[in-house]
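Given chain A, work out where chain B should sit, using these hints.
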Amino acid sequence: MTRTIGIMSEAPTSAPPSRRKLSTKPHSVADRVFYGLARSAAYGAIVIVGLILVFLLMRSSSTFAEQGVGFVFGSEWSTAGKKPVLQIGPMLWGSMLVAIIGVIFAVPMSIATAYFIEFMAPKRIAKIATVIVDLLAAIPSIVVGLWGVMVFTPVAGHWAELLNGGLGWIPIFGSSTHNFQGTPFTAGWIVAVMIVPIITSVAREIFSQMDRDLINACLALGGSKSSSLFQVILPTASGGIVGGVLLGLGRALGETVAIFFVLNLSFDINWGAILENKGGSVASLILSKFGEATPAEIGGLMAAGLVLFVITLLVNWVAAIIVNLAQPWRR
Amino acid sequence: MTNDAKNLSDENATVNPATLAAPLEMGALPRPAVEPWKVPNPTRTTKVALASTIPGLLAIALTLLFSIDPAVAMILLFLPLQIIASIWAGRNIYGKKGQSDALLVIFTVFFSTFVGVLLVSLIWSVVVQGLKAMSWQFISQNNIYITPTTSLEYGGVGHAVLGTLMMVGLSTLVTVPLGIMVAVYLTETREKPRGAVRTLVQAMSGLPSVVAGLFVYSALIVGLGLGYAGWLGSLALIPLMLPTVARVAEESLRLVPQELRNGALALGAPAYRAFLQVTLPAARSGLITAMILGVARVIGETAPLILTVNNTNSTTVDISQPMAALPTYIFQFIANSYDTSVQRAWGAALVVLILVTVLFTLARLVSRTNVTAKKPSKKRK
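Residue numbers (the working numbering), protein chains in the order written: chain A, 85 to 415; chain B, 0 to 380.
The set of hints was computed from the structure by calculation and includes no laboratory data. Among the hints, erroneous ones may be present.
Chain A residues, not near chain B, derived (Cβ > 10 Å throughout) [claimed, not checked]:
#1 Met-142
#2 Gly-158
#3 Trp-161
#4 Gln-265
#5 Gly-356
With a cut-off of at most 25 Å between alpha-carbon atoms, the simulated PhoX-like pairs for lysine-lysine come out as follows [as the list claims (entries may be wrong)]:
#6 A:Lys-207 <-> B:Lys-37
#7 A:Lys-109 <-> B:Lys-95
#8 A:Lys-166 <-> A:Lys-373
#9 B:Lys-37 <-> B:Lys-131
#10 B:Lys-46 <-> B:Lys-95
Backbone N, C-alpha and C fix where the C-beta goes; we use that ideal spot for every residue, glycine too.
Chain A extracted, bound-state conformation (with noise of 0.2 Å):
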């Protein structure tokens, strides 16, 4: 250092010095073990997505090779015959059914939610809700599907009775037996309390972050309180929002015990007619049929984790590169 300056005084015409290389790499040992064990903790996160993928599809291969596409699309599970017919169409869909039906319930009360907790509460009313809403997203699922099964059922089964009732000549509230148990409906209700809180705190955390000068110069330029929310605020906040409810749906997509417990599984398969007592849920079919599997069928299960894990993986993947780009503060 010393000696460039002195070059460079004495003689100011000669060819500048070489730019000295900087590095931020780690130079010494200790400091490349400190780093390589990061670097081989965050590949391991990866190794551990992978191994998942390769195991499960390493089991099913044969099925998937036995069933060919139909194992996805066809609607029925017989291991009585020589060859076994696995199919999950009906469970897959029904997965889906009710993690939109969940999504569908669950939106608009989140957002009112997250609304009322970041905008309108008295800072200590908000304070304890943001607590509650979050002690709630990490209440087991098994918890849920209890009081699903004993608590929440008869009183779903009662709206969806009235439902049926009242509107029962569309139909998606159609019912063909007037049996109320069971339905997409009530594991619908039952998905959107646990998603609730998931999208409830993305929804908060990005309102929380808002820059109140928009909104303040919302009001100021003569804007009411719901112009603000609707031509301001959301339009903001719509980004993570969506990656929010993406999260629950990836949830809802995987929810398994309290499914298990409040839905009835029927082959037979249900396109939206969500107030008749069968529907399916690939996770819950996984978890009821493990027990008594004959060899063939846990391979159709494993094939089923398999089916389900990608689906959840690819939602979770758009919901999480969403969310991260409209939390630019997180970076």
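Chain B in isolation, oriented as in the chain A frame:
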């Protein structure tokens, strides 16, 4: 503002010294003795009070009078009445603008109350039903010789509590260092794949729990021919716990001011010592919070344990054998629909809920007493 005022007054000074005082006085405008927005407005208060009570009372009266179903009355009677009343009040007080605001308030309060009622109902039923089964012997005894119809005075969840603590403890031992190192990778290094790793870890948080169980089952029980065992359950919990730990740890490491790290590095500390002696102590409580939240995430996981552990009724501390756990205990007793067995399930659910709540309270206490505690939302820019 002050600058502008000064410029203005300087300009004025050169033109006409007499007006000098005027702009300065503007800043010192006396505060009104009575603040207009705080003046009580009895008509307005009455209107708001009327609009928020009459529809409810009317709906209740009509419901009782004609014995309408409460759910129907709520949607078809109370909500429309309330909307009409609020629109009337809003329009009357604030003009046209008040109309849409009234609707907004109605829907926000309606939906949030609905969420509140659902969630309170959930917690309330667990607490009330669970307390019926709760006693010291319920927490301490195990499940040997207990049938679904055995009276609640015998047997309990002691073995399941022990099993849960051991299995979750074992996964915590593995997952917390792993998760913290992932967080270190995301915050302390500047490597390219960070974005991808962060996205993947977030995507992992949606991993269906039953798939985690299937993975361990297919890899170790079918693949290697191992028997059901407690440590396999711990293994299945790791991928479920990792995303939570990594994300919370990342956030708490990020809250440590960059100047602290730079200071340590400028003093000549190698990166690992800067981390161990400066960053880690500063983020300590955040990392503890990460651990606690991770534990809370997996403590009630059921499906992975059903697929990998197999329930037992006796107390065991040998993790190479099948073990009981609280979630599987609940699962086992919901399946029998006898009253006593359902009571046992409620009791165990209350124990789980208490464990989760205690963990959450701990997490909040830890993260409150500390520099890295989350600051109230700062304004961006």
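So, going through the hints one by one against the coordinates:
Not every CB of chain B is more than 10 Å from the CB of A:Met-142 (nearest about 7 Å), against its label as outside the interface. For A:Gly-158, the non-interface assignment is confirmed: its Cβ lies about 21 Å from the closest Cβ of chain B, beyond the 10 Å cut-off. Against the 10 Å criterion, A:Trp-161 stays outside the reach of chain B, whose nearest CB is about 17 Å from its own CB. Annotated as non-interface, A:Gln-265 keeps its C-beta farther than 10 Å from every C-beta of chain B; the closest such distance is 13 Å.
Once the 10 Å rule is applied to beta carbons, A:Gly-356 is consistent with being away from chain B; the minimum gap is 22 Å. Note on A:Lys-207 and B:Lys-37: the hinted pairing holds, with a Cα-Cα distance of about 19 Å set against a maximum of 25 Å. Restraint check: the Cα-Cα separation between A:Lys-109 and B:Lys-95 comes to about 64 Å, which exceeds 25 Å; the hinted pair is violated. Proposed proximity of A:Lys-166 and A:Lys-373 is supported: the alpha carbons are some 19 Å apart, at most 25 Å.
In summary, the hint linking B:Lys-37 to B:Lys-131 is not supported, as the alpha carbons are separated by about 51 Å, beyond the 25 Å threshold. Taking the CA atoms of B:Lys-46 and B:Lys-95, the gap is near 16 Å; set against the 25 Å cutoff, the hint holds.
Consistency with the previously given hints fails for numbers 1, 7 and 9, ordered from lowest to highest.
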